[in-house]
Amino acid sequence: MTLDALLILDVLLAALLLVLAIAALHSQSLRQAIILFIVFGLVTALVWARLKAPDVALAEAAIGSGVAGALLLAALRDRRPGVEAGSSQQRPAWQVLTVTYLVIGLTLTASWAFLYAQLSADAPGLNRLVQAELANSGVANPVTAVLLNFRAYDTLLELAVLFGALLGVLALGPQRPAPRIAGPVVTHLVAWLTPLLIVTAAYLLWVGAHAPGGAFQAGALLAAAGIIVRLSGNPHTALPGGIWMRLIAVGGTGVFLLVGLAAMGLGGKLLQYPADWAGTLILLIEVFATLSIAASLLLVYLGGQPRNWAARKDGSHV
Amino acid sequence: MIDLLSAIFILGGLFFFIAGTLGLIRLPDTLCRLHAVTKADNLGLGLLVLGLALQLGDLLLMLKVLLIWALVLAASAAGSQLIARHVLDERGDRS
Amino acid sequence: MSELLSIAVVILACNLVLSLLAMLRQPAASDRMLSAQLLGTNGVGLMLLLALSQGQPGLIDAALVLALLAAVAVIAFTRREQDPQHD
Amino acid sequence: MFDTSILYGLLGIVLAGLGLHAAILQRDVLRRILAINILGVGVFLVFIANAYKGPDAAADAVPHALVLTGIVVAVAATALALALLRALNAHQEDADRE
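Sequences listed follow chains A, B, C and D, in order.
Each step along the first sequence adds one to the number in our numbering, with nothing skipped, and position 280 is 280.
Each step along the second sequence adds one to the number in our numbering, with nothing skipped, and position 34 is 34.
Each step along the third sequence adds one to the number in our numbering, with nothing skipped, and position 77 is 77.
Each step along the fourth sequence adds one to the number in our numbering, with nothing skipped, and position 89 is 89.
Among the clues, some could well be false.
Stated by the list, open to error - The following label-pair restraints were derived from C-beta to C-beta distances: (1) D:D3 <-> B:R85: 40 to 50 Å; (2) A:S29 <-> C:V17: 15 to 25 Å; (3) B:A77 <-> A:Y203: 16 to 26 Å; (4) B:L59 <-> A:L97: 31 to 41 Å; (5) A:Q272 <-> D:D56: 46 to 56 Å; (6) A:L257 <-> C:V17: 31 to 41 Å.
If you are wondering where the hints come from, they were derived from the structure by calculation, not from laboratory data.
The model shown is predicted, which means the values in this text are computed figures rather than measured ones.
Positions of the beta carbon are idealized from the N, C-alpha and C atoms, including for glycine.
Just need the whole structure built from these sequences, with the hints factored in.
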């Protein structure tokens with residue numbers, strides 16, 4: 001692409017993001033604020049694509065605008081009718097405001113300057129290290145290599161954070177009431193969209209080893225499949241029984257940790273895989289992480305414990 | 001030859017995209033806009049996809065791109081039906 | 001060809017801005033959903049154009065995901081309108 | 001491309017500022033959650049803008065991986081916040097009834 005065209009594109013995308021953010025934050029109706037936020041996610045995905053971050057663009061398209069949008073719309077639905085809060089603002093003391101702005105401005109500017117110095121072409125950036133070690137990582141996609149091999153600690157803890165959020169949501173009580181059974185249009189749309197989502201999730205999981213994709217994107221798509229089945233209100237669908245769902249949800253963190261400990265037992269450090277096995281182990285971890293992310297996102301979308309978890313006393317269906 | 005064909009398709013696609021947006025701005029009524037916008041947009045994306053598919057040179061990628069168009073078509077058909085019903089519901093409440 | 005793709009990217013981005021302005025002018029919720037749908041289609045087109053013009057085939061997958069999630073969003077938008085059934 | 005990094009980096013800082021502004025000043029909790037999400041996108045933008053190395057070079061993979069992690073953590077936090085909000089609303093409804 002020519003440079004002029006790129007520059008115009010950059011300015012247009014930046015303007016879009018800015019206008020959408022302001023409109024979403026200050027829209028009078030909350031429903032419209034959420035619609036604007038979902039469009040904001042779409043434009044963000046385009047910005048990631050423009051900045052050559054296809055992995056992030058995929059994740060943003062699936063999680064940022066998709067699952068987060070569905071979550072927010074569900075939260076909007078269970079508000080009390082009549083409580084439509086406009087965009088009203090508080091007026092705190094100006095000292096508080098000044099200090100807050102100074103802190104955020106300084107922090108962000110400093111971190112940006114730091115990153116800029118670190119990552120600019122002359123500095124011995126981390127990217128060279130990644131490229132040099134990529135052949136030993138077991139995968140060919142550098143982002144997957146960083147996530148599941150070089151910085152596997154981060155990803156393990158990230159799964160633990162997701163799991164912690166899930167525990168928090170489950171502790172808050174039963175799930176939201178189910179939506180009413182949908183009409184024929186939605187039912188048919190869901191009927192062919194669900195298998196397509198599942199197939200695409202499997203494809204992204206597999207392709208993540210050498211091209212953009214991976215466990216997060218795949219997990220988010222699987223969760224989206226669950227969410228639309230839930231939204232269709234079909235009474236013949238249900239989640240796996242309580243114990244299986246729990247096992248799936250904990251599986252991502254669990255298998256990751258077991259593999260890490262096994263690597264330790266074989267003489268390495270925690271999460272230091274043997275080089276020959278790295279590809280297989282990463283795929284194993286990713287499969288369980290995908291299922292676990294999907295289960296967790298779906299459970300937090302339900303907003304609490306599924307109904308069939310409570311019906312345990314009679315021992316009928318656990 | 002293929003370049004020329006794909007250029008024609010891409011430019012045609014852009015034309016319909018712009019037509020759709022103009023429709024969104026100019027037409028007076030939600031149902032009119034729905035009628036015009038969804039048709040123009042899907043045609044625009046279809047032509048764009050055809051033009052781009054000719055440039056890909058890989059059968060699997062071509063099929064994937066065509067699948068994207070089919071998906072958008074089906075989703076927007078269902079979506080416009082749902083939006084139209086929503087509009088009619090709103091009108092029914094008011095009258 | 002790359003010239004044409006660059007021009008197409010810029011035109012489609014302009015179209016995106018115009019649709020957004022049209023969307024912000026319309027207050028009704030159904031109009032906003034319609035505009036969001038238009039913006040989604042536009043976004044899929046732009047993503048595909050970026051995939052070719054930047055030579056990143058991975059972005060085709062991103063366009064596929066956007067198309068799938070646009071359908072999910074349509075369901076999520078419209079299902080919200082009905083009252084929840086208390087069970 | 002340095003201009004591009006600077007443009008998007010500044011945009012990220014502005015978005016984070018806008019998000020923080022709304023997160024502090026809005027009354028409605030759901031709007032605050034929305035604002036914190038926009039703040040997060042601003043921070044991600046700073047990272048990705050710095051990873052960008054021009055139209056012809058591959059971008060740096062490490063910030064991409066960090067942002068991917070960040071997106072998942074952000075959605076987990078959003079979900080927990082929304083569940084807390086629902087519990088809060090139910091609590092207030094009970095309080096109103098008495």
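Hints versus structure:
1. For the pair D3 of chain D and R85 of chain B, the beta carbons lie near 48 Å from each other, so the given range of 40 to 50 Å is met.
2. The beta-carbon spacing between S29 of chain A and V17 of chain C, approximately 23 Å, falls within the hinted interval of 15 to 25 Å.
3. A beta carbon spacing of about 24 Å between A77 of chain B and Y203 of chain A agrees with the range 16 to 26 Å that was offered as a hint.
4. Between L59 of chain B and L97 of chain A the Cβ separation comes to about 59 Å, which falls outside the hinted range of 31 to 41 Å.
5. Range check, Q272 of chain A to D56 of chain D: about 35 Å between beta-carbon atoms, so the 46 to 56 Å window is missed.
6. Between L257 of chain A and V17 of chain C the beta carbons are some 48 Å apart, a value that contradicts the proposed interval 31 to 41 Å.
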